[in-house]
Structures are given as structure tokens and as C-alpha cells.
Amino acid sequence: MRKLLYVFMVCVFMVAVVALVAGFSIGAYAKETITYYLWDDPTYKNIVEAFNASQDEVFVDAKIIPAADYDNKLRTLLAGGAEMDAFMTKTAHDIYPMVENRYVEPLDDLIVKYNFDLSAMSAYERVYRIDGKVYNIPFRGAAYYTYYNKKVFEKAGVPTPDTYVEKGEWTWEKFVEVAKQIATGDGKIYGALMYFWSLNQVSPAIQRGVQFITNEGKIDIDDDSVLYSFKMRKELEQAKAIIPQAELKATKTHYSRAFWEGNVGMLLIGAWFPGQMLSARDGNLLKDYTWNDWALTRLPCNEPEYRTIDVPTFNCVHADSKKKDAAFKFIAWMGGPEGAKVVAQNGFLPAVVTPEVEEAFVSVFPDKASLKYFLEDKVVMPHWLNKYGVGIENMLGPVMEGYLLTDMSDDQLKSLINEKLQEIIEITM
Amino acid sequence: MRRLLIKHDSVRDVLIFLLPSFLGFCIFILFPIIASVGLSFTNYRGGKTIAFVGLKNYLIAFHSSGFQEAFWVTLTFVVFTVFFQIVLGLVFALILNQKIVGRSFFRGIIFLPVVLSTIAISLAFMLIFNPQKGPVNNFLMSIGFDPLAWLASPKTSLMTVIIVTVWRQFGYYMVLLLCGLQTINPTLYEAAEIDGADSVRKFRHVTLPMLTPILFLCIILALIQAFQVFDQIFVLTGGQQGGGPAGSTTTLVFDIYLNAFNNWQMGYSCAEAIILLIIILVITVIQYKRQQKWVTYDII
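Protein sequence lines, in the order shown, are assigned to chains A and B.
If you use the numbering used here, the first sequence corresponds to residues 1 to 429, in order.
If you use the numbering used here, the second sequence corresponds to residues 430 to 729, in order.
Calculated from the structure, these hints are not laboratory results.
Worth double-checking, as some hints may not be accurate.
Stated by the list, open to error - Cβ pair distances, simulated, as ranges: (1) 719/B to 82/A: 39 to 49 Å; (2) 441/B to 322/A: 39 to 49 Å; (3) 303/A to 544/B: 44 to 54 Å; (4) 69/A to 553/B: 16 to 26 Å; (5) 322/A to 455/B: 31 to 41 Å.
We put the beta carbon where it would ideally sit given N, CA and C, even for glycine.
With the hints as constraints, model all of the structure from the sequences given.
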């Protein structure tokens, strides 16, 4: 009996030693797993998978949240101290409260440690550098364009927007005129779709450089361009040239679906949309038109020098992450030249445009002219990038709806905007 | 054999059985309320930095046009939903208290929305009230009426939310009032008949007074629920995008949500929540004090 027990103990000891050695061996070659939060655009999953396949050090465990709920869920997760290593930010001005709340890690040391070249995205410095420190790495470039359905223009017998761009006539007045010409007036065909996000409400004002509230907390409204923006939208809705904003919200109509339906002539939206068009092509979702029947050109602009609008999309490292190096390696890849190629192959404008990126884009666009406008050098005006930005973003929608759906006069509108901005300044302590 | 003598302490036993519920109440209700009171005096934004700001949040709330608008929207919502829920509940309770064919079936059908998920109901009504393709507008057009904007207009969006809320909830009050009707002593009706009372007088002088205790309970419950409305507003009016057109469906609770989760102003939204709590408390206390004037507790 004693002998048997002795043999058994020796066997157990040997198995334990072997397991320990094997464990160490496996551990030496195991990837470091990081938790990364993003929203449910299918192309982002492709980008994460491309990263995981490209190297052996870091594995990204993607936590996907539906886009419509992403902002609120992310804020709740951050406030609740959920475990995460890195996350994508959907609303650019959220970076200010995130920095104030110490959710995001300053990246300056990591940038030096891993020799990351920020100079290639210096155009976005206002977004990634806050109070002198770098808090995020942009991976998706910023620009709004006019996407258009050639078939709709053909049926209406109206020249496509690029015709006016080439003549230097693609202003907001021309945009309104063209939208009204295309629209049937009965809701069957709309001239354009201007989504209900706040920057879509006041694009002319953003192009002018209006910030609504400055960094110093002063109200900054160029009344002409702000009022112009509101009146333009009202004119278009009254002519049934665009889908009414309230209807877009009430029916939860997504801009991509509306454009894929084939009954919208133009769509004013950002540089990620070619990626969504790729998804529509692959999923056979384009109705009554084909891949070659769409194109893009510049955003309408009334300013003497052409400028578009938008802010880039970026990734952050969570301040409480225990794997900051690994998280940084991922977001640096995504924002760098390697990641930019993958971002481009998936139809998004990356933050860094290299010759390889340009090559990758060739298959993403239906024609060369669209590619030319997509990649051309241009001034990009950001919107309300300071600590008041969150309040401004949330204020503009209801004010616009009030103006569109009631008999509010121009003076009442100006007074209301001023009042609301003053409240934002008071609340933002 | 030893016998164990167990001493019964009834108070201790009661406390032990109440402990799980009480702990749950403390963790999920009492402590959050106390924390909210504390946070309402700070500039808390959900992060690691916090500073005491005194009554600033409350002063801002009272001056804020957003808060004032939300208050009036809430008041409108409360008045109409409470009124229609109670009236419809009473009407159907009276009808279904009679011996009619299919009484049990109708009671079940009317109560069914109460047990369904508010989210599911709201999603369904969002499709039903679709201004372009919804069946309600299609029906209106088929009988020669103009379609309504429903959730897409500030003039009709609150009314639409009220309709959905009343439709969902009145069955609950119908059941409560039905119970109340069935506890009324039949001899009171016999006495009234002997005195020559017709149906209307019997309803006015027997049914209503005897129902007042249940009516009081229904009104209190309906008021509290109406003040706390959130789910159907969030789903019906696109909560993630800031709610109904031009803030027409932004109630106080929804405004609290927007300030906390869209604007990162958690300290301020706590102040709004405390103000709402005080409003509900005051109304409830007033109701309790005034009940002596109109609630009949005499039991014959």
C-alpha cells in the first residue's frame, strides 16, 4: 500500500512539472489580449481582424456595440469602471469630458517609446492634442462630400453636381436649386438627404468657422451663416426637396438605407460612406441602380476657398488599462501607414494618405473623378471642438426642429440660440 | 436523548425574513437616492474629478428653459394620461362587471398590454404610426382624411405618446376598479332601488363613493407612474437622437437622462432628479391630506 502511494505521488509530481514547463512555453508564445470597444460598422471588424492576422504580439478582443447606442453605452461603461484597454470614439468632442474625467491615457510617452510618427496627421492636431498632450490617435480622416445617384439625375434631366464643381459654381444656392429640380415634390423622389446630426444642420456656418462657443466661454455666432443654414433647410423641407428631419428621426431612417433605396439624388455625408457603399454592393442592397451609377464630389461651399467639414475618428487608450503598451501598438497600427491601407481597402478615408493608400482606393470608387475629389488636398473645418461641444451638439437638433416645425421668426430663433448657448456655458462647469 | 429547546423571538424572526428585501431596498433604492442628493451639489461628470458647487445646479435648473419646458411637457402628460387611464379603466370595469358574454375574454384582452414589454409595444407603435407607411395613416387616407404626422410633429408627438401609454396601462386600473366594484355591498343598491334611484343616481350615490378608496389608490399610482415615464418616450421618439421633435416629448425624466448621458452633466441631472422627487412627494402628501374630504372608508 505504501509503495503504491509513493509511486502515485511521484507520478503526480512529474505531471505537475511537465505541466508547469509546458505552461511557460505556451505563455512565451501567447498573444497579449486587449479589450477594444467599437461600434457595429462591419468594416471595423475587418480592420480588427486584419490587425490580429498581421502580427503575433497582440490579440484584439473586439467588443461591438450597436452604433445608435454606442455613445451612451460607452459613457456608461467608462463611468462604471468597466474593464477596457482601448476604445473608438464616435463623437469627437467627447474627448474633452473624457480627458477631464481621466478616462484616457496621455500618449506622449508611448509615442516616443514606439517612435510613432504623428507628423503625417498634423492636420488633425486640434483633435488629438488637448492642453499640450496627445490623447488619441486618429485612424479615419475627416471630410464631407456630396454623394450622388447618377440615375436619379438622368431621370430628372439635371446635370450632376460635379458639372457645377468644375465650373466653380457648386454653392449652397446651387445645391438648393438642383435639389428642388430633382425632387418630385410628392415624397417619391427627394433631391437630397441632409441627416439630422448637428453638423448637417449648420454646414455653411461650420465652413465659415463659427464655433458657437469659444474655448474661453464666449458666444460666437456669425448670425448670417447660422441663420442662412436654418433657412436653407426650411426652404428645402417646405419644397419637399429633402426628407424632413422629424420624419428621419420618427422613422429611424438611416442615411445609408435611404440612399441605397435609389430615391434620393444627393447625400451630404462623410468620408466613411464609400465603405458603406461597398457593403451595399456586396450585400446586393442597391435598388434600381448599380455600383457604377453613384459618384462623389465636393461639398457645396460659399466660401472663396473651398473647404469641407468634419472631424476625424480616433482611438484612445483607457487610463486604467493594465496593457497600455499593447493597446497603443494596436491603435498606432490602425492610425499608421499599415492600418491606413486596410482602412482604405474597406472604403474609409484614413488619417494618413500614402501612395499605397491611394492604390488601395482604386477599387473602392466607381470612377477616377470621385477618387480625385476624395483624395484632393483640402481645408477641413472642425465643429465646436472644445468642452462646450457636447452641449452645442445636443442643443442644435431640437432648436432646428422648433424652427422647421413651428412659426418661429428669425429674431425668435436668434434669441433662442443665444439663450440656449448661455445655458450651456452655465451648466458646463 | 437530549432535546434542544428553541426559543422563539417573533420580532427577530420577522426582521430576519425582512432582511433580504430591506438590503435590496437599501442597495438599489435608498443608497442611490442618498448618493444622488450628494452629487446634486457637485459638478460630477462621471469621472474621477468632483467639486462641490453648492446650490448652483438647482439655481441653473430653475432658470433653465430646458427644465421649464420639460416640466410643462411632464405636467401635460401626467394630466392627460392619469385622466384617461382612470376614466377608461372605470368605464370598462363597469361594463365588464356586468354578466355579459365573453366577459372573461375581454378582461384578459384588455389586461394583456399591461404584461407586455413597453419596449416591444413602443417599437410596434412606431411602425403603426409611421407617417409614410403606417397602417393608421393608410386607414385615415382610405376614409378620406388627411394623414397625421404623429411622432414627426411637435403638435402630435406628445398626443401619440399619451395614446400609447393610456392604451398600455388602462387595463391595470380596470382590474383594480373591478375589484373595488365587486367589494361593494349589494344591499346598498337594493336600498337605493327601494328609494327609487335610477342607474345614474345609483352610480353617483352608491358606486362612486364606495369606489373612492380604490380610486384614490389608482390616482396615486397613475400619478407616480406618469411622472416617471421614460421607456416609451425613449423608444418612440428616438431617445439616442435627443427625443421628440423640438423637445415636444422631453419630460423631466427624459431631460435627466439627456443631461446625464448625452451632456455628461451628472451632477446637474441629479439636481433635476431631486427636484422631481420633491414634486412627486409634495403631490402625494397633498393627495393624502385631501383624501379625508372625498374618500369614503365607511364599510357597511
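Comparing the hints with the structure gives:
1. 719/B to 82/A: 39 to 49 Å: holds, 47 Å
2. 441/B to 322/A: 39 to 49 Å: holds, 47 Å
3. 303/A to 544/B: 44 to 54 Å: At roughly 58 Å between Cβ atoms, residue 544/B and residue 303/A fall outside 44 to 54 Å, so the hint is violated.
4. 69/A to 553/B: 16 to 26 Å: Holds, since residue 69/A and residue 553/B (Cβ atoms, about 20 Å apart) stay within the stated range.
5. 322/A to 455/B: 31 to 41 Å: Distance hint for residue 322/A, residue 455/B holds at roughly 33 Å.
Of the hints listed earlier, the one the structure fails to meet is number 3.
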